[in-house]
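K.L.:
Take a look at the letters that make up each chain.
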Amino acid sequence: MKPTRMNKTTALQALTSAALAIPGLAAAEVQTEYLYAHYQEADLPASKGVGQSSERYEINSHRFRLTSPLGEATAALNLTLESMSGASPWYIMPDANGKLTQIMSGASISEERADVEATLAYPVGDVQVAVSLGYSKEDDYEAVNGGAEFEHTPEGQAYSFSGGIGYSYDRLEPTVGRSSLDVIRKADRDSLNVYGGVSFILGPQTVLQTSLGYALGDGYLSDPYKRAYIQSQTDHIPDNRPGERSSWTASARLRHYVAPLGAALHADYRYYDDEWEVTAHTLDIAWHQTFADTWRLTPSLRYYSQSQAYFYAPFYQNVRADGLASSDYRLSPYGALSLRLDLRKAIGAWELGGGIERYEASADYALESVKVENPGLVEYLALSFKLAYRF
Amino acid sequence: MKQLITASGMLLLLALTGCVPVKAWERGDLARPEMAFEPDPMLAGYRRHVEFSKEAASGGPVLSGGGCGCN
Chain W
1 MKPTRMNKTT ALQALTSAAL AIPGLAAAEV QTEYLYAHYQ EADLPASKGV GQSSERYEIN
61 SHRFRLTSPL GEATAALNLT LESMSGASPW YIMPDANGKL TQIMSGASIS EERADVEATL
121 AYPVGDVQVA VSLGYSKEDD YEAVNGGAEF EHTPEGQAYS FSGGIGYSYD RLEPTVGRSS
181 LDVIRKADRD SLNVYGGVSF ILGPQTVLQT SLGYALGDGY LSDPYKRAYI QSQTDHIPDN
241 RPGERSSWTA SARLRHYVAP LGAALHADYR YYDDEWEVTA HTLDIAWHQT FADTWRLTPS
301 LRYYSQSQAY FYAPFYQNVR ADGLASSDYR LSPYGALSLR LDLRKAIGAW ELGGGIERYE
361 ASADYALESV KVENPGLVEY LALSFKLAYR F
Chain L
392 MKQLITASGM LLLLALTGCV PVKAWERGDL ARPEMAFEPD PMLAGYRRHV EFSKEAASGG
452 PVLSGGGCGC N
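Residue numbers (my numbering), protein chains in the order written: chain W, 1 to 391; chain L, 392 to 462.
Simulated from the structure, these hints should not be mistaken for laboratory data. Remember, it's a predicted structure, so these values are computed and weren't measured experimentally. Yeah, the Cβ is synthetic: ideal placement off N, Cα and C, and Gly gets one too. Some hints could be false.
Once the Cα atoms are required to be at most 25 angstroms apart in a straight line, the calculated DMTMM-like pairs of lysine to aspartate or glutamate come out as [stated by the list, open to error]:
#  : chain 1 : residue 1 : chain 2 : residue 2
1  : W       : K48       : W       : E351
2  : W       : K137      : L       : E442
3  : W       : K137      : W       : D190
4  : W       : K186      : W       : D139
5  : W       : K137      : W       : E111
6  : W       : K99       : W       : D43
7  : W       : K48       : L       : E442
8  : L       : K414      : W       : D126
9  : W       : K48       : W       : E379
10 : L       : K414      : W       : D43
11 : W       : K48       : W       : E29
12 : W       : K371      : L       : E417
Partial selection, computed: residues in chain L whose CB lies under 7 angstroms from chain W [stated by the list, open to error]:
#  : residue
13 : P412
14 : G450
15 : P452
Footprint (simulated), chain L over chain W, 3 or more residues, beta carbon under 8 angstroms [stated by the list, open to error]:
#  : region
16 : 153-166
17 : 285-296
18 : 355-361
19 : 374-387
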């Protein structure tokens with residue numbers, strides 16, 4: 001499957017819940033959390049998809065987290081268990097009239113994923129440092145990663161610095177399609193990412209964080225389970241992407257407390273630009289409304305738009321001169337709209353909650369006009385349930 | 392890249408010009424849990440994981456964790 005980077009929560013953010021320059025960075029009590037999430041992609045309509053199975057991905061996730069003070073330090077352990085099943089887009093075939101049909105993978109994929117990560121945060125002078133180590137394993141994929149982050153607030157100042165560096169080594173061994181001679185047997189990749197940011201207090205109720213990030217992927221960045229149709233050959237060839245991908249991000253996160261209403265407004269923006277000529281804009285607006293002291297309702301809206309990778313095409317007339325080929329909808333031009341609603345209730349040391357999210361990708365949502373929409377664009381519904389306890 | 396640098400410069404300028412001294416005792420609202428950059432890191436991490444599996448863009452003020460074979 002497509003090797004994707006799994007972004008984890010910034011370790012320091014995960015170990016602290018207070019905003020900038022608030023004393024007491026380390027957790028003062030033991031915290032346990034459990035999150036269950038059910039993710040279901042909508043099946044493709046008959047007019048768009050064919051294949052032995054058109055039922056798209058379904059994922060059940062169980063996430064556990066334990067955070068505990070250890071002297072001056074804070075330790076956290078995260079465990080994720082996921083089961084996944086369903087079919088995924090394989091390649092796109094045009095008919096005589098140029099109409100595109102998404103061919104789905106023949107076999108329904110079914111597998112498990114386990115991910116464990118440990119983080120230790122501790123003060124070094126007046127700098128808060130966190131180091132983390134993680135391991136992820138599924139049938140056809142294995143990854144080891146590590147990272148270090150820091151946060152520093154100069155005494156008496158209204159700003160703070162933060163930054164981090166992370167590395168991951170990923171290895172994949174496809175389990176489907178091994179009988180085909182052109183499907184890779186084994187592959188690996190290295191990934192490095194760094195970021196640096198500054199947070200500013202703009203007033204007693206407002207804080208802003210700006211940051212820059214850089215990431216570099218090197219190695220096998222293609223998807224062994226996807227193919228691209230070549231019209232002149234009336235056949236499909238393996239997905240083949242460049243072996244290197246560097247990307248930059250510029251982000252801003254604003255938090256403003258609306259005291260008369262007892263609510264916090266969150267506004268996040270990210271600009272993304274990469275070596276494959278993909279540029280993307282992401283805007284996320286959330287309203288955290290607290291009521292009756294123990295309830296919190298959070299409606300949020302996320303908008304996303306990306307341009308296509310330079311070598312992407314839904315299908316190709318002939319093989320490109322550079323040999324690159326990908327019809328993956330994730331490299332196509334489109335936009336996406338996501339609506340969410342989350343509810344939390346505190347009962348003594350317990351916290352209960354649930355949430356729902358509906359995500360829809362479409363060429364109509366893209367910032368720039370799209371000539372041909374990829375028929376494999378995803379639409380999904382995600383439900384979550386959370387339980388937490390502090391002692 | 393040029394757009395990126397311009398956008399970053401504007402954000403930094405905006406923040407620097409708007410930065411005001413706020414006394415420790417005036418930071419009560421900033422300390423509220425819902426004012427954190429990520430009030431619910433576990434849920435935010437889950438959603439980021441899904442988005443990164445379905446979109447070309449990723450990254451920001453977070454580190455990449457272990458990969459996954461996400462289709």
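K.L.:
Determine for every hint whether it applies to the structure shown.
P.N.:
We went through each hint and held it up to the structure:
1. K48/W x E351/W: 43 angstroms, violated
2. K137/W x E442/L: 20 angstroms, holds
3. K137/W x D190/W: 16 angstroms, holds
4. K186/W x D139/W: 13 angstroms, holds
5. K137/W x E111/W: 11 angstroms, holds
6. K99/W x D43/W: Holds, at about 19 angstroms.
7. K48/W x E442/L: 23 angstroms, holds
8. K414/L x D126/W: 19 angstroms, holds
9. K48/W x E379/W: 13 angstroms, holds
10. K414/L x D43/W: Given that 25 angstroms is the threshold and the Cα spacing comes to 55 angstroms, the pair is violated.
11. K48/W x E29/W: Violated, at roughly 52 angstroms.
12. K371/W x E417/L: 53 angstroms, violated
13. P412: With Cβ-Cβ at 5 angstroms, under 7 angstroms, it holds.
14. G450: With a minimum Cβ separation of about 4 angstroms from chain W (threshold 7 angstroms), the hint on G450/L holds.
15. P452: Hint holds; P452/L Cβ to chain W Cβ min 4 angstroms, cut 7 angstroms.
16. 153-166: holds (count 6)
17. 285-296: holds (count 3)
18. 355-361: With 4 residues closer than 8 angstroms to chain L, the region 355-361 of chain W meets the three-residue bar; holds.
19. 374-387: Coverage by chain L holds for the region 374-387 of chain W (5 residues, Cβ < 8 angstroms).
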